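Colleague: Residue strings, one per chain:
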Amino acid sequence: MALPRRNSGSRFTLAILLLSSITLISLDARGYEPLTNLRKAATAVVQPFRNLASTIFDPIGDAWESLSKGDNLEKENALLRAQLGDLLEYRTTTEGAVEELAALRTQLGLENLGGQETVVAEVTAQSVSNFDPYILEIGKGTQNGIREGMAVISVGGLIGRIEDPGLRSARVRLITDPNVSIGVLVVGTNQVGILTGNGIGQPLRVPDGIPVSADVETGSILVTSGSERSPYPGGFAVGTILEVLVDEINLEKELVVAPTGQFENLEFVTVVLYEPLNTQNGLGN
Amino acid sequence: MLIFRFIKALFVITLVLILQLELFSSIRFFGVMPELMLGLAVASGWHGGPSNGALTGFVCGFSVDLYLATPLGLSALSYALIAYLIGIVAEIVAEDVERIVRLIISIASVALGLVLFVLFGELIAEPNLYNKNFGKILVVGALYTGLFVPLLHYMMSWVFHEGSHAGNQRPINRSQLT
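Here the protein sequences come in this chain order: A and B.
Taking this note's numbering, the leading residue of the first sequence gets -4, the next gets one more, and so forth.
Taking this note's numbering, the leading residue of the second sequence gets 460, the next gets one more, and so forth.
Keep in mind that the hints were calculated from the coordinates and are not lab data.
Check the hints yourself; a few may be wrong.
[Stated by the list, open to error] Using 25 Å as the maximum straight-line C-alpha spacing, the simulated SDA-like pairs for lysine to any residue come out as follows:
(1) K35/A <-> V548/B
(2) K595/B <-> P198/A
(3) K591/B <-> Q121/A
(4) K591/B <-> S176/A
(5) K595/B <-> W59/A
(6) K35/A <-> I583/B
(7) K70/A <-> I486/B
(8) K595/B <-> E259/A
(9) K591/B <-> I189/A
(10) K591/B <-> R163/A
(11) K595/B <-> V175/A
(12) K591/B <-> L47/A
(13) K467/B <-> Q197/A
(14) K467/B <-> G4/A
(15) K591/B <-> K35/A
(16) K467/B <-> L47/A
(17) K70/A <-> K595/B
(18) K70/A <-> R487/B
(19) K591/B <-> S5/A
(20) K70/A <-> S485/B
(21) K591/B <-> I51/A
(22) K595/B <-> G196/A
(23) K467/B <-> S5/A
(24) K467/B <-> I51/A
(25) K35/A <-> A584/B
(26) K591/B <-> G194/A
(27) K595/B <-> S122/A
(28) K35/A <-> K595/B
(29) K595/B <-> A58/A
(30) K595/B <-> F258/A
(31) K595/B <-> S63/A
(32) K591/B <-> S15/A
(33) K467/B <-> I11/A
(34) K591/B <-> D127/A
[As the list claims (entries may be wrong)] One side of the interface only, derived from the structure: several residues of chain B facing chain A at Cβ under 7 Å:
(35) L461
(36) Y526
(37) Y543
(38) N587
(39) H620
All of these numbers come straight from a predicted model, not from anything done at the bench.
We put the beta carbon where it would ideally sit given N, CA and C, even for glycine.
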C-alpha cells in the first residue's frame, strides 16, 4: 500500500501547536497573571450556558445517581446511624471535657463558627476530570469575598479549601486528596500532627508526629490546629480517630481518622471568610 | 467557506464541552466519565486530516483545560498530538473503511490520548494523574467514550465535509454532456 506524502505544512502546524502548548504549560505553572485572568474570563463567558445546561441536565444526573447508588445509599445510611450511635454513646461516657463539648458544638451548629464571617454557596458541579476526583465547584467567587485558600465546611466539619476562585465560581480542593495536608490538634490533649488525605472513601491519616507516649485514644476528635502558618482557622472539626497504630521503630503513633464532614450528595457548603495573617500580609500563599 | 467551517466547529466544540461538563460528569460508569472532548479531537483528526485535526484537537484540549485543575495546555498538547496521529492513520487506511474498524481505531486512539495526557502530566510532576485507578479509567473511559464515537464522527463529518461537496459542483451546459 502506497503511503500518502504529507506536506511540510501539517508538520509545521503540529510543531507550532506543540510549542504553544508547552509555552502555556510553563507560563501557567509559574502563575502568569494574564493567563489566569484569561481562564477566569473564559469560564465566566461560558457560565450562563453551563447554568442553563445544568437546569436541564441535573434531573437526569440525579436520576442516574439514584439508580446507580441506591444500594450504596442504604449502606451509607446504616453506617451513619451506627456512627451516630457510637458518637452519642461516646459523648455520654466521656462527658466532662470542655474542649470536646466545644468541638461537638462546632460539629452540630454551623452558624456559630468562632465569630468568623461565612458565605453559603451552592455546589454546582462535581469534579469534571477522571483523574482528579478531589474537586467540587461552587457557585460563588471573589465577588462574594471568597479568596484562595479559605476553609470550606459542610455539616459535620471541614471538607476542603478554596482553589482558583473566579468572579462567580470557585473550586474546592477536598481534604481527601492525598496531596493535601492539614495541621490538626487532638481535642483534650496538646498533641498536634499533620493530617493527610488518602483518597475518596478512604479514612484520613496522621502518619507521624504523635509520640507513642501521647494519651490519644480511639474516638477522640481532631480539630484544625489554627497554628500561625496554617491556612485554616483553629477549632474546626476534621475527623474522629478510628484506629491508633503504634510504630515501635520510630516510637510514634499513626492515626486512622474518619472525616466528620459530609462529602457525598452535597448541595450546599459554607465558606469561612478567614484569611490567615501571613496571607493578609502577603507573606504566605 | 472557512468562516462557516470555523463557526460550525466552534458550535460543536461548545456543545460537546457543555455536555461533558454538565451531563456526563454525573453519569459515570464505575466512577468514570466519558472523555467526549478527546473523542471529538480524534474524530476531527479523522475527518479533517493531520493539520486541521491537530488545530481542532488543540482547541478541544484548551477548552477542557479551562475547567481542570491541571496546567493550561496539558490537554491541548495531548489532544493536538493524538488528532495529528489519527489524521495520518486516516490518510493511510482507505476512506471507505468499515465503520467497525473506524470505531476500534477511535477507541484505541482515545486510550492512547489518555496515556499521553497522564504521561505528559507525570513529566511535569503534576499530582493525582497516575494513580491506582489509572487502568480502570483507561479501559472504562475509552469504552464509554466509544459509545459516543459514531455521533462525534457524524458531527465532525458535518464540520469538515458537508458543504465542500456543494462547493465542488460546477454548472455544465447540455453540449458538454455529449
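Colleague: Next step is simple, just say for each hint if it's right about the structure.
Modeller: Against the structure, the hints:
1. K35/A <-> V548/B: 37 Å, violated
2. K595/B <-> P198/A: Satisfied, since the Cα-Cα distance of roughly 22 Å is no more than 25 Å.
3. K591/B <-> Q121/A: Satisfied, since the Cα-Cα distance of roughly 20 Å is no more than 25 Å.
4. K591/B <-> S176/A: 20 Å, holds
5. K595/B <-> W59/A: 20 Å, holds
6. K35/A <-> I583/B: 23 Å, holds
7. K70/A <-> I486/B: 21 Å, holds
8. K595/B <-> E259/A: Between K595/B and E259/A the Cα gap is close to 22 Å, so the pair holds against 25 Å.
9. K591/B <-> I189/A: 24 Å, holds
10. K591/B <-> R163/A: Not satisfied, since the Cα-Cα distance of roughly 34 Å exceeds 25 Å.
11. K595/B <-> V175/A: Distance of about 24 Å is within 25 Å: holds.
12. K591/B <-> L47/A: Violated, at about 35 Å.
13. K467/B <-> Q197/A: 45 Å, violated
14. K467/B <-> G4/A: Holds, at about 23 Å.
15. K591/B <-> K35/A: 32 Å, violated
16. K467/B <-> L47/A: 21 Å, holds
17. K70/A <-> K595/B: 24 Å, holds
18. K70/A <-> R487/B: 20 Å, holds
19. K591/B <-> S5/A: With a Cα-Cα distance of about 37 Å, the restraint between K591/B and S5/A is violated, given a limit of 25 Å.
20. K70/A <-> S485/B: Holds, because 21 Å separates the two Cα atoms, which is no more than 25 Å.
21. K591/B <-> I51/A: Given that 25 Å is the threshold and the Cα spacing comes to 34 Å, the pair is violated.
22. K595/B <-> G196/A: Between K595/B and G196/A the Cα gap is close to 17 Å, so the pair holds against 25 Å.
23. K467/B <-> S5/A: 22 Å, holds
24. K467/B <-> I51/A: Status holds; Cα separation ~23 Å.
25. K35/A <-> A584/B: Satisfied, since the Cα-Cα distance of roughly 24 Å is no more than 25 Å.
26. K591/B <-> G194/A: It holds: about 10 Å lies between the C-alpha atoms, which stays within 25 Å.
27. K595/B <-> S122/A: 17 Å, holds
28. K35/A <-> K595/B: 32 Å, violated
29. K595/B <-> A58/A: Answer holds: K595/B to A58/A is near 24 Å, not above 25 Å.
30. K595/B <-> F258/A: 23 Å, holds
31. K595/B <-> S63/A: Roughly 18 Å between the alpha carbons, so the hint for K595/B and S63/A holds.
32. K591/B <-> S15/A: 31 Å, violated
33. K467/B <-> I11/A: Distance ~23 Å between K467/B and I11/A Cα, so the pair holds.
34. K591/B <-> D127/A: 12 Å, holds
35. L461: 15 Å, violated
36. Y526: 5 Å, holds
37. Y543: 5 Å, holds
38. N587: At 5 Å from the nearest chain A Cβ, N587/B passes the 7 Å test, so the hint holds.
39. H620: 18 Å, violated
Of the numbered hints given earlier, the model fails hints 1, 10, 12, 13, 15, 19, 21, 28, 32, 35 and 39; all others are met.
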